[in-house]
Amino acid sequence: MNENLKQVLMPLTIIGTFGVSLLFFARTITDYILKKKMIEKGFVNDDTQAIFKRHTEENKFSSLKWGLIILTGGIALIILEYVPYERESPLPYGIFAVAVSLGFLVYYFLVRKDLNK
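First residue of the sequence shown: 7, per this note's numbering; consecutive thereafter.
Derived from the structure by calculation, the hints contain no laboratory data.
This one's a predicted model, so the numbers in the text were calculated from it and none came from an experiment.
Be a bit skeptical, because a hint or two may be false.
Said to hold, decoys possible - In silico lysine to any residue, SDA-like type, Cα no more than 25 Å apart, as pairs: (1) Lys-71 - Lys-123; (2) Lys-66 - Thr-34; (3) Lys-66 - Thr-36; (4) Lys-41 - Ser-68; (5) Lys-71 - Ser-107; (6) Lys-66 - Val-112.
The task is simple: from the sequences and hints, build the whole structure.
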């Protein structure tokens, strides 16, 4: 990899990762504080409880999704280690995209199967 490109991408990657982590942390904390204040002030009725339950149900399979995506992406990277390709070839991007897409498809079929029970 070009040394100048490394000098640009490394700080961007580190700052981006830190920023996204900080965003998720802040969102979790603010959601908690909001729910706590709503409960303390007595604003919790059937409608708000339904919103809280819906919010947790939407994330029910989140870990499965990200686990499958990371697994298939990792498998693609392992395969790329053993597949010969030229430096300017789009082959690595294609293999990685297909693997991640397969992860999404497996996730979709597993969730659909579970929801149909």
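Tell me, in ascending order, the numbers of any earlier hints that this structure violates. The structure conflicts with no hint, since it agrees with every one listed earlier.
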